[in-house]
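Enquirer: Line by line, the protein sequences give chains R and B.
According to the numbering used here, the stretch in the first sequence is residues 1 to 433, in order.
According to the numbering used here, the stretch in the second sequence is residues 1 to 433, in order.
These are calculated hints, taken from the structure and not from any lab test.
Note that identical chains are pooled: a pair holds if it fits in a single copy or bridges any two copies.
Taking lysine to any residue pairs in the SDA-like style, the calculated list, with each CA pair at most 20 angstroms apart, reads:
| # | residue 1 | residue 2 |
| --- | --- | --- |
| 1 | 239 | 200 |
| 2 | 224 | 131 |
| 3 | 152 | 214 |
| 4 | 152 | 212 |
| 5 | 244 | 117 |
| 6 | 210 | 50 |
| 7 | 206 | 16 |
| 8 | 244 | 405 |
| 9 | 34 | 10 |
| 10 | 62 | 80 |
| 11 | 239 | 214 |
| 12 | 339 | 326 |
| 13 | 34 | 46 |
| 14 | 339 | 270 |
| 15 | 206 | 237 |
| 16 | 34 | 56 |
| 17 | 339 | 261 |
| 18 | 190 | 12 |
| 19 | 210 | 19 |
| 20 | 339 | 55 |
There are 2 protein chains.
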Amino acid sequence: IDVNDFATVDERILDLHEADIADILDELNNAQAKVVYYRLSEELQADVLMELEEEVRERFIKSLTPTQIAEQLENLDSDDAVDILGELSQREQVEVIAEMEDDDAAELVDLLNYDEDTAGGLMQTEYIQARENWPVNRAVIELRRQAEEVDKVYTIYVVDAMDRLVGFLSLKSLLFASPKTAIGDICIRKNVISVPTGMDSEEVAKVMEKYNLVSVPVVSLQKKLVGRITIDDVVDVIKEEADKDFQMASGISEKVESNASVWRTSRARLPWLLIGLLGGILGAQVIGSFETTIGAVPALAFFIPLIAAMGGNVGVQSSAIVVQSIANGTSQFGSILSKVGKEALVGLLNGFICSVLIFLITFVLEDVTLGLTVSISLFTVIMFAAMFGTLVPLVLDKYKIDPALATGPFITTVNDVLGLFIYFMIGIMLYGI
Amino acid sequence: IDVNDFATVDERILDLHEADIADILDELNNAQAKVVYYRLSEELQADVLMELEEEVRERFIKSLTPTQIAEQLENLDSDDAVDILGELSQREQVEVIAEMEDDDAAELVDLLNYDEDTAGGLMQTEYIQARENWPVNRAVIELRRQAEEVDKVYTIYVVDAMDRLVGFLSLKSLLFASPKTAIGDICIRKNVISVPTGMDSEEVAKVMEKYNLVSVPVVSLQKKLVGRITIDDVVDVIKEEADKDFQMASGISEKVESNASVWRTSRARLPWLLIGLLGGILGAQVIGSFETTIGAVPALAFFIPLIAAMGGNVGVQSSAIVVQSIANGTSQFGSILSKVGKEALVGLLNGFICSVLIFLITFVLEDVTLGLTVSISLFTVIMFAAMFGTLVPLVLDKYKIDPALATGPFITTVNDVLGLFIYFMIGIMLYGI
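The following block holds chain R by itself, in its conformation from the complex (with noise of 0.2 angstroms):
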């Protein structure tokens, strides 16, 4: 399309959702780009730059002046604005606050200071209340006021004289109560459920599952309603929670996105290789330790990678069913050792199995005893990995580390080194060296 062809740009482009507009404008360049935004109405334009791809997003900022950006949070949710304004540099954010109205920036300024990984983080400043002792008719006319400045309003919140959360109102009690009743009569406090500022946003997460809220107020450590958390922001922190377990899981130690810098993603992966070498080079020195045994029987060398992958699996297996009952908190099921024994099972089941297949298949290519030495061991290091891959994440939840770590190079390391140590000493006993 042309954009600077307008008429068609207005009729082919105007009328789409908004996030059909960003899915456009993320193939365009930024002049292009700009042409099409600055056709759209003020309202639009805000919806369309939440819905852009960050990176486009950063771009797009990035080329416009500091009062442009002014405008353009001004038009946004306090939360989207916070969050736009936060990927700036601090000299841009002092330029950008100075062209902005006075109470809007006040606000921005306010939810700068909360970590973005807290419920202050995550919230925003619009949402609609009543006070207890507003009569009904009063309270119609003010929450009409306030609902303009607001998107969706899922609940209507209910604050005392100190702004403190007492409860909520349903619109429908608003509609059919009598106008000289006070707010505080048909509102409903029981189950009242909030969030303190400082509340991790995982934790957040889980509040609003639980009791399967779209939205939940935040109060402050006075107990003052101060910002709403909407389900969509919420659903953004479980994608990115789950994406920060795999990517962990399969040893990356920082979230990289996958648009990163060749260095960052280089950096973010480098810690665990670098723990893969030293497992390696411990693995060469038990290798090392048994060169006599190798040089008298060549064949036991042959099935040191099968000893070490499968132990590195079988724990990746163990641990992943750990770690994923952890971050679904519903570990409270059974204690510790009921998880352990059942594992135990598993691990007996598939290393009997695993372990009658290598035999037969040994014995057939090698012999008797070469086919005894890797069953038994490769039996005797399924059943420590898994052992290991089930005890190593609850131990790390236990003393609050995040037990994802455990998943991914950690285990496979250790059960390497541990496994191929068993491997060369049952070698040894059953060829008697």
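Using the hints provided, position chain B relative to the given structure of chain R.
Expert: Frame of chain R; chain B shown alone:
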């Protein structure tokens, strides 16, 4: 607590939030839970039932008679009722349905026909709709009646005379319109997002995320409105999908709950262990074919696990990123070539760092030829694993196979075997054997 002390139960439990009551019931046995459960109001019973842990709910339902189950199902939202019904045996389903009122039964039988993993399987038939030819005053009466059946009203859908979805209605516009206006004149017909019954549930989640919806209408092939899907069900889909990817990457082939039986858990893990076993045997063949090389330079055997492990680690890291960007639908950015190019650069950088380190270490521990052999093959293996880890998930995705399959033991195993081959070939060249 003593569950037969009704006064205490009533006082301490009945006022709690449904999710908290469910937490308490989770800890009780069936008999105790039933006593408390039947002290609750019918509406609260339904809410609590859906908040129970899955295994507790199944156990609890199994302890009820068909008539009792039918009573409970009638209280539930249709999507929840059909989920519970789906967990029963065919015979039990027939018995329960026979006990239900005809209307409710017919609805559930309809819903049972949809595949669990589609929009039809997720949707509930409780929603609010107005006909476009209704005047506002009639609509208000009809909607109020409908609203009694529906737990949470997010959107009012507008349908034509053929029950086809034509638009949305905002509560605000309904309140301020004159009583004789037709609904069709005040409804919003722009950007009406809906999903067909057959759409995959992951696709539904993507649509709701993209358009930031808290509920989405579901339409039949004839475009008739047949249900709606709410955000809480979609959050479950997102979490399950992430769990499944994580498990698959960890070498667990079927979705397994942490409370599944030992046999099911073992079975889900065995396929990957067998692939690992096969890889180990192939690895043994590779090493076996280099037996004379090892005989000449036994120290080469020391670094077998290092080469195998590092290839696996790098492959998993690369594929994890690609799998995630495919899952998040962000893979539209940059072509396949640019992704592979970037992974090659990351591999180059990390491979170089690791190779230099391992050269220094082996040089100190052993000699310069071994140092060169290990470091050059490590570099080659890392580069190869990075490429392979990137390409395999992309290719799998192209052929509509779940790319998460690639992350786990499959990549590790292939990289193990090929890494060993590369290692010994380089060893033979450098030692001139």
